[in-house]
Amino acid sequence: MARPADFAQRRKLLKLGAALASGAVVGPRLVRAEDASPPKDGPWSQMLGPGVVDRPYGQPSQFVKDVIRRNVPWLTASPESSVSFTPLQDQPGIITANGLFFERYHGGRASVDPAQHRLMIHGMVERPLLLTMDDIRRFPSVSRIHFIECPANGGMEWRAAQLNSLQFTHGMVSCAEWTGVKLSTLLDEVGLKKEAKWALVEGADAAHMDRSLPLEKCLDDCLVAYGQNGEALRPEQGFPLRLIVPGWQGNVNIKWLRRIEIGDQPWFTREETSKYTELMPDLRSRGFTWLIYAKSVVTFPCPEKPLKGPGIYEVRGFAWSGKGRISHVDVSYDGGVNWARAQLQEPVLPKALTRFTHEWRWDGKPALVQSRAVDETGFVQPTISELRAVRGVNAIYNNNSIQTWQVKADGSVFDVQLS
Amino acid sequence: MSSFRRRGSRSDRSPDGAKREPGSAYPRMGFPRIALRSMRATGMLLTLASSAMAQERHPPGYFGYGAAPTPAQIAGWAIAVRPDGRGLPPGRGNVDHGADVYAAQCAACHGTFGEGEARYPKLTGGSLKGDRPEPTVGTYWPYATTLFDYINRAMPFPAPHQLSPDDVYAITAYVLNVNNIVDNNFVADRDSLPKVKMPNRDMFIWQDPRPDTTAKECMTNCVDPKSVRIDSTAEGKDLTPRTTGPLDEMKPK
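Chains as they are written, first to last, in the working numbering: chain A, 3 to 421; chain B, 1166 to 1418.
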């Protein structure tokens, strides 16, 4: 884990590795107190470790205890209709570990027996279908890497900086490789009638969570997924079957998917009228705002990962856009006065978390660190002031604004907003 | 409910669905049946399917997997209700009966008159104006049909989708009544609910107006450095759970 506390030590180790690889002599600089390792062996070097299948299903190191999903207890009335946050501050690459993928339940985590699970597709179709999981796995399969973001990610920050934590300001986004059937394959199989324009997608959870989706999106790139990062979906992510709606807000990616009804108009479900709509200053509300617009955040430094004294740091972060690929990311250390182009790290995939890095020589003076994403459509991530000017402070959803981290002279980092 | 559960858990493959030949039923879409037959004969189909599987469009029934659901199976699961009333089941419920069912099933969380308990949602009162808008059924929900749909599918929260249609209609009538949207004599059913005009119905924009920001890419001297000042900070607000150690319950100390 890239804890900045270990940064200097890691650099030393990297140097050591490079020196050993090139056959160079290791300088005495690396030898420290006599009981330190090296030169002394650690206990793990002087005893046998447990054998294979000691843990038939693996788990993180016992020394990695803090990297877990966390929640904000005061945010919701009950944990069964709530959210937990991914520890982005400890996510090294674009893939979120399955055990750390953020949770959002509307009626708790359903425990679905895959042998009893069915997907029903009916409505304005030529031949309604009832599919078992075995049936679904027989269809041609594809794998895609996509992020999922709850549109309420950053929803607590509309009025002011509130939560002093990357995990809680941005942790309602995660990214995984999904494997399943293209929804278009299933819709071809049932045969859409000419009048068909919308699909109602519904889960088998206690909320019977449901949303209306336009068929253009369903036929474009949606997946009915059963695989996640090399294993079956986790129950938290809708085992045994979920919808993936690439680049669109999390709640339409229906988990525990059991039914798709085809119709000619939307259903205006509770989750697309009373929730997931945005109240504007003129008291009108926006609905069907599914798309996640370009967004980015610096993941190091951040409140959880302060700086340890002046020197060279690799500033790191994630950018993502529901419209396609990230084109580029710029970073600023002076609150948006001047910007520098960050380096995108491969892979740069459409509608996926994209990693960016930038070398920063911190002089030890207070700084205001920001990142600004631009996607392949040319859309530029806005500031919170720009968003507020249009949408006010009561929209809750779709806050894709630039995050500002205040770095103090002692290296500590705070969530702030600029005027 | 019990029959619904039984149906939902049954394997139930229709012989028709299981035996359907690829492409047999719908010759008007995609490959004509006769073409499919000759493609199979020449092995073309295999080539097509393996080389362009991801992009290939197929006629309905091409794969022939799964079963055709029976009308009873469809009816058991198709619970979604539209604003025009499509999907509303037979049955009816009045405000008085609704008050009784609501008191037993809903009031513990939502309050006797929908005022809300603890942090559970308020169903009545409030306003969308002001600093802290309260989007309730009365102030916000655009369609009364959605109320029936949601109570039916997701309520009561700890034991959802177990109320009879008559009880769901009755609770719907009561919640509309305590919001002063219908009078005391209102009877909710599949004919009356679509006709209820919710106060906030015309205040929704169903076309996404974004992008609604016009941020430009500027690289140097983008803003006056003197204008850059911190407007708000999360420092010291005491709202943030800790992100190390065990989960933070944030209980008052």
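Check the hints yourself; a few may be wrong.
Said to hold, decoys possible - 16 Å max Cα-Cα, derived EDC-like pairs, lysine to aspartate or glutamate: (1) Lys1391(B) with Asp336(A); (2) Lys1294(B) with Asp266(A); (3) Lys410(A) with Glu1400(B); (4) Lys277(A) with Glu1299(B); (5) Lys196(A) with Asp284(A); (6) Lys1362(B) with Asp1348(B); (7) Lys67(A) with Asp1413(B); (8) Lys325(A) with Asp1373(B); (9) Lys1294(B) with Asp284(A).
Source of the hints: derived by calculation from the structure; they are not laboratory data.
For each hint, the structure was consulted:
{"no.": "1", "hint": "Lys1391(B) with Asp336(A)", "in the structure": "holds, 11 Å"}
{"no.": "2", "hint": "Lys1294(B) with Asp266(A)", "in the structure": "violated, 35 Å"}
{"no.": "3", "hint": "Lys410(A) with Glu1400(B)", "in the structure": "holds, 12 Å"}
{"no.": "4", "hint": "Lys277(A) with Glu1299(B)", "in the structure": "holds, 12 Å"}
{"no.": "5", "hint": "Lys196(A) with Asp284(A)", "in the structure": "violated, 38 Å"}
{"no.": "6", "hint": "Lys1362(B) with Asp1348(B)", "in the structure": "holds, 13 Å"}
{"no.": "7", "hint": "Lys67(A) with Asp1413(B)", "in the structure": "holds, 14 Å"}
{"no.": "8", "hint": "Lys325(A) with Asp1373(B)", "in the structure": "holds, 14 Å"}
{"no.": "9", "hint": "Lys1294(B) with Asp284(A)", "in the structure": "holds, 9 Å"}
The structure fails hints 2 and 5 (numbered hints given earlier, in ascending order).
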